[in-house]
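Peer 1: Here the sequence shown is numbered in our numbering, starting from 1 and rising by one per residue.
Incorrect hints may have been included.
To be verified - Simulated crosslink set (DSS-like; lysine-lysine; CA at most 27 Å straight-line):
(1) 123 - 33
(2) 112 - 157
(3) 123 - 157
(4) 112 - 166
(5) 83 - 157
(6) 123 - 112
(7) 123 - 83
What the hints assert, rightly or not - Computed beta-carbon distance windows for the label pairs:
(8) 31 - 71: 27 to 33 Å
(9) 168 - 147: 25 to 31 Å
(10) 148 - 122: 26 to 32 Å
(11) 88 - 196: 15 to 21 Å
(12) 31 - 159: 38 to 44 Å
(13) 130 - 33: 34 to 40 Å
(14) 145 - 83: 34 to 40 Å
(15) 30 - 153: 33 to 39 Å
(16) 46 - 195: 33 to 39 Å
Honestly, the hints are just simulated from the structure, not real lab data.
All residues carry an ideal CB built from backbone N, CA and C; glycine is no exception.
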Amino acid sequence: MRGATAAVVAALGLAVMAAGQASAQAHITEAQKQELYCVHNALIARDQTALVAESYLSETTADGVRGAADSAINSAAAGCSQKHGWDDTSRGLALAVGVMGSTADHIAGELKDAGVTDAAITKVSDLMRGLSARDNELLFDGAWEDDRAFMARMRTKLIAAGVPDKADTIRLAVMLLECSVIGSESAGAFIEERFS
1 MRGATAAVVA ALGLAVMAAG QASAQAHITE AQKQELYCVH NALIARDQTA
51 LVAESYLSET TADGVRGAAD SAINSAAAGC SQKHGWDDTS RGLALAVGVM
101 GSTADHIAGE LKDAGVTDAA ITKVSDLMRG LSARDNELLF DGAWEDDRAF
151 MARMRTKLIA AGVPDKADTI RLAVMLLECS VIGSESAGAF IEERFS
């Protein structure tokens, strides 16, 4: 699903411009925030965030999780779409925000279980503000795992942020960064689509 979700967002014609998204999100009303996070909040209310995260992070489609997760996501998106009158573009962007938020929540929990502090997890997400356009592209399209130079740079930054120097923990932290980049990009595009 990692590739599929990124492909859906990319198909909506988004360029990678994550650096400007945090400020855009700060200037929307509370009602607009509720609309933006409607799918994520619906998944939380239905206790389906772990299912969605497991599907996104899974390497296989054969275990039945994918179908159950797709059903959960589409149900949440359909309810929100009806409530807010979204078109297909807005629905797709809100869906991406919901999937990335759910997956980020799950990964943050795994990082805490691995001994990473809340402060370090916040610093990991904050790293996206200083990423190059190329780094954003690698995170956005999921190609970062095969880029040794990228992983070396990220490892150094993540250790400085307080992530233990363990391969599995570093990988989890980069996955959190991936969710932050895709989620922020999707949120910014949603704001542009709905509220500009």
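Peer 1: All the hints need checking, so say for each whether the structure fits it.
Peer 2: Consistency of the hints with the structure:
For the given pair, residue 123 sits about 23 Å from residue 33 by alpha-carbon distance, which is consistent with the 27 Å threshold. Between the alpha carbons of residue 112 and residue 157 the distance comes to roughly 18 Å, so the proposed pair stays at or under 27 Å and holds. Straight-line distance between C-alpha atoms of residue 123 and residue 157 comes to about 10 Å, which keeps the hinted pair within the 27 Å bound. Straight-line distance between C-alpha atoms of residue 112 and residue 166 comes to about 14 Å, which keeps the hinted pair within the 27 Å bound.
Note on residue 83 and residue 157: the hinted pairing is violated, with a Cα-Cα distance of about 41 Å set against a maximum of 27 Å. A threshold of 27 Å between alpha carbons decides the hint, and for residue 123 with residue 112 the separation of about 13 Å falls inside it, so the pair holds. Among the hinted pairs, residue 123 with residue 83 is inconsistent with the structure: their alpha-carbon atoms are about 35 Å apart, more than 27 Å. The hint said 27 to 33 Å for the Cβ distance between residue 31 and residue 71, and at roughly 28 Å that hint holds.
Our hint of 25 to 31 Å for residue 168 and residue 147 is violated, since their Cβ atoms are close to 18 Å apart. Range check, residue 148 to residue 122: Cβ separation about 27 Å, and the 26 to 32 Å hint holds. At about 18 Å, the CB distance of residue 88 to residue 196 agrees with the hint of 15 to 21 Å. Hint check: residue 31 to residue 159, Cβ distance near 41 Å, so the stated range 38 to 44 Å holds.
A hinted range of 34 to 40 Å for the beta carbons of residue 130 and residue 33 is inconsistent with their spacing of about 25 Å. Checked against the hint of 34 to 40 Å, the pair residue 145 and residue 83 passes, with Cβ atoms roughly 37 Å apart. In this structure the supplied range 33 to 39 Å holds for residue 30 paired with residue 153, their Cβ-Cβ distance being about 37 Å. Hint check: residue 46 to residue 195, Cβ distance near 26 Å, so the stated range 33 to 39 Å is violated.
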